[in-house]
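Peer 1: Residues per chain, in single letters:
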Amino acid sequence: MAAEPEKLSAAQRSKVRKLATPKELAPDEEGGELNIVPFLDIIMNVLMFVLATVTTTFTATIDTLPPKAGGHGPKPTDAPTLGLTILIVPEGFSMKAKGGNVGPGCDSIGGGLAVAKAGADYDYPAVTRCVAKLKGSNDAFADETNVTISANPNIPYSTVIGTIDAVRKTEDGKELFPDVNFGLAK
Amino acid sequence: MPPRQKAASMSTYKRMLRKEIRKRAGDHEANFLNITAMMDMMTIILVFLLKSMAASSASIPQSADLTMPKSILTTEASQEGVAVLISKTHIVLDDQAIVDVPQDASHGVEAKFKRGGPNDLYITKLGQVAKDWRERDRQIRLATGKDPSGSEAIIIADKDTPYRLLVEVLFTLGQTEFNKYHLMVLQGVKK
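Residue numbers (this note's numbering), protein chains in the order written: chain A, 1 to 186; chain B, 1001 to 1191.
No wet-lab data here; the hints were simulated from the structure.
All of these numbers come straight from a predicted model, not from anything done at the bench.
Backbone N, C-alpha and C fix where the C-beta goes; we use that ideal spot for every residue, glycine too.
Accuracy of the hints is not assured; some may be wrong.
Said to hold, decoys possible - As a list, the in silico DSS-like pairs of lysine-lysine whose alpha-carbon atoms are at most 25 Å apart:
id, chain 1, residue 1, chain 2, residue 2
1, B, LYS1180, B, LYS1146
2, A, LYS174, B, LYS1070
3, B, LYS1112, B, LYS1088
4, B, LYS1159, A, LYS7
5, A, LYS169, B, LYS1159
6, A, LYS18, B, LYS1006
7, B, LYS1159, B, LYS1180
8, B, LYS1014, A, LYS23
9, A, LYS117, B, LYS1070
10, B, LYS1159, A, LYS15
11, A, LYS133, A, LYS169
12, A, LYS15, B, LYS1112
13, A, LYS7, B, LYS1146
14, B, LYS1131, B, LYS1180
15, A, LYS18, B, LYS1019
16, B, LYS1125, B, LYS1159
17, A, LYS7, B, LYS1019
18, A, LYS133, A, LYS117
19, B, LYS1180, A, LYS169
20, B, LYS1023, A, LYS23
21, B, LYS1019, A, LYS23
22, B, LYS1023, A, LYS15
23, A, LYS117, B, LYS1159
24, B, LYS1014, A, LYS7
25, A, LYS169, B, LYS1070
26, A, LYS18, B, LYS1014
27, A, LYS96, A, LYS15
28, A, LYS15, B, LYS1019
29, A, LYS18, B, LYS1023
Said to hold, decoys possible - Stretch-level coverage of chain B by chain A, calculated; a stretch enters the list once three of its residues show a Cβ under 8 Å from a Cβ in chain A:
id, stretch
30, 1076-1084
31, 1149-1160
Based on the sequences and whatever the hints tell you, model everything.
Peer 2: Written out as structure tokens, the structure reads:
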């Protein structure tokens, strides 16, 4: 039979408790360190505030050159050039290419608007299809990336940006006319 | 009266004392979590956020007076050049309000601000301020080995800015040897 473990007396237990209790250091005994916890609490609150209130916006820029009067386009060369110019009017888009006015449907040279408004809104997808058709009409136009955009004086900036986006590339990502110049309507 | 318990031997007493010290030490360590390292990290993140937001275009105020148009573009915005803001009420160059924008700006700014009357495109005061900035930029470009022949401008315009007003600003800058513009837009698919 195993011997019963020896038990401490009450005085010994008291002394063990007293000696085993970790000493609480007085403020002047804490190794001279600054208590930065309140400061860090403030920082934490400021961080949360900043993250909660700031709305991050992602921006991009469209590069362009100073506007040119007249909209003459590139100098004529022996090779055929498209020389695409788009005029934004309140009723839609008028286009000039290959030295003439692009008619409705973008199939031929003729009078009228190339792309009319679809209801109250400008028909940007139709503009994309139209300029893609014009660019694809001759292999010599494949390397042309310049377009001159002009507008009536009261046309808002957002419509101009929408048009720049519409002629930039096709829906399947094929590059059309990413280089934009602004023209001055006379 | 219960009999007094007999004191344990010194070896038992010391063993119990060591055991108790180990136990208390363990308890003490688990009393709190050391979050100083995490707080340090948070401080660094905060400083980084404040610094990067102050320097980026995300700090451009979007308000009823100036709301940039959206574009399908997702390329990074250029930070090169002087910022020219065209809001519904003011034209601002380099944080300096230049001219007021009239209620109906479809004919550009008022004729008194233009060089040759209502049909002129050149905004006199904007041209003067742009010329000063251009001269400073030319000196900097010369000193830093960049091409000094022209400066660049970042155009931050409200989405409802009439084309005429936009062209007047671009034309005036073009007359003061600004040869490249960056039209700032918000990234995002238009509705």
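Peer 1: Kindly indicate which numbered hints from before are broken by the structure, ordering the numbers from low to high.
Peer 2: Failing hints, ascending: 4, 10, 12, 13 and 27.
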